[in-house]
Amino acid sequence: GAVVSQHPSRVICKSGTSVKIECRSLDFQATTMFWYRQFPKQSLMLMATSNEGSKATYEQGVEKDKFLINHASLTLSTLTVTSAHPEDSSFYICSARFGLSSIINSPLHFGNGTRLTVT
Amino acid sequence: RKEVEQDPGPFNVPEGATVAFNCTYSNSASQSFFWYRQDCRKEPKLLMSVYSSGNEDGRFTAQLNRASQYISLLIRDSKLSDSATYLCVVNLNAGGTSYGKLTFGQGTILTVHP
Numbered sequence: 001g002a003v004v005s006q007h008p009s010r011v012i013c014k015s016g017t018s019v020k021i022e023c024r025s026l027d028f029q030a031t032t033m034f035w036y037r038q039f040p041k042q043s044l045m046l047m048a049t050s051n052e053g054s055k056a057t058y059e060q061g062v063e064k065d066k067f068l069i070n071h072a073s074l075t076l077s078t079l080t081v082t083s084a085h086p087e088d089s090s091f092y093i094c095s096a097r098f099g100l101s102s103i104i105n106s107p108l109h110f111g112n113g114t115r116l117t118v119t
Numbered sequence: 001r002k003e004v005e006q007d008p009g010p011f012n013v014p015e016g017a018t019v020a021f022n023c024t025y026s027n028s029a030s031q032s033f034f035w036y037r038q039d040c041r042k043e044p045k046l047l048m049s050v051y052s053s054g055n056e057d058g059r060f061t062a063q064l065n066r067a068s069q070y071i072s073l074l075i076r077d078s079k080l081s082d083s084a085t086y087l088c089v090v091n092l093n094a095g096g097t098s099y100g101k102l103t104f105g106q107g108t109i110l111t112v113h114p
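Respectively, the protein sequence lines represent chains A and B.
For the first sequence, the residue numbers in our numbering are 1 to 119.
For the second sequence, the residue numbers in our numbering are 1 to 114.
The reader is advised that the hints may include incorrect statements.
[Stated by the list, open to error] Computed list of lysine-lysine pairs in DSS-like fashion (alpha-carbon distance at most 27 Å, straight line):
(1) B:Lys2 <-> B:Lys42
(2) A:Lys14 <-> A:Lys41
(3) B:Lys45 <-> A:Lys41
(4) A:Lys20 <-> B:Lys101
(5) B:Lys101 <-> B:Lys45
(6) A:Lys14 <-> B:Lys42
(7) B:Lys2 <-> A:Lys41
(8) A:Lys20 <-> B:Lys45
(9) A:Lys66 <-> A:Lys20
(10) A:Lys41 <-> B:Lys101
(11) B:Lys79 <-> A:Lys64
(12) B:Lys101 <-> B:Lys79
(13) B:Lys42 <-> A:Lys41
(14) B:Lys45 <-> B:Lys2
(15) B:Lys79 <-> A:Lys41
(16) A:Lys55 <-> B:Lys101
(17) A:Lys20 <-> A:Lys55
[What the hints assert, rightly or not] For the chain B half of the interface with chain A, some residues (derived, Cβ under 8 Å), not all of them:
(18) Glu15
(19) Pro44
(20) Gln106
[Unchecked claim] Short derived list, chain A residues pointing at chain B, Cβ under 7 Å:
(21) Pro40
(22) Leu44
(23) Thr80
(24) Ser89
(25) Ile93
(26) Phe110
(27) Gly113
If you're looking for bench data, these hints aren't it; they were derived computationally from the structure.
Remember, predicted model here, so these are calculated numbers, not experimental data.
Just so it is clear, CB atoms sit at the ideal spot from N, CA and C, and this is done for glycine as well.
Please take these sequences and the hints and turn them into a complete structure.
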């Protein structure tokens, strides 16, 4: 069964509105979660690393004021796309490491993704 | 040069065929390696980790060549259900809070036909 749950799976919004995406780790605690974005026919690109109880770490080129990340508990991270524009339309996927964080060979498990369409 | 590079394909093979995918990575300090598969409009799912000695899981065999910075995936006796995009994934950072920071190749598209 799924170990990472993401909600909503699909959202359509109007330009200028904000959208919140939730990512939950099921039955395990995730001190770190990762947010990826995937445009059509492209690979996943890491946007930011979400750290429980501290500020997220953003990748180069990702606007932290536009993509707000909150990781308030060990099982929940949220990504808010603020003032969304059509170019923000994409597939957003969160992930978490299942298992001891010190084991670097432990793979990531992904949420089912959120397909955002901004009209 | 891309950090993780794959032949995008597409590969079109008949059922029962053997197909191999290759992947190269640029950072020699990379620590861990994986193959994920991604079905159309779905999230990636772990297929297998790749170990230095090579490893096999049923019809799937993964190889790692650290000297050449090269990873491969071999699929034997292809099934229709193997049709997907196969992602080569590398952990380029070994320490601190970035241990889970994976870098994805662009993926190789496989279509298995009857």
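Practice problem: Against the structure, test the hints numbered earlier, and report the numbers of the ones violated in rising order. | Solution: 11, 12, 18, 21, 23, 24
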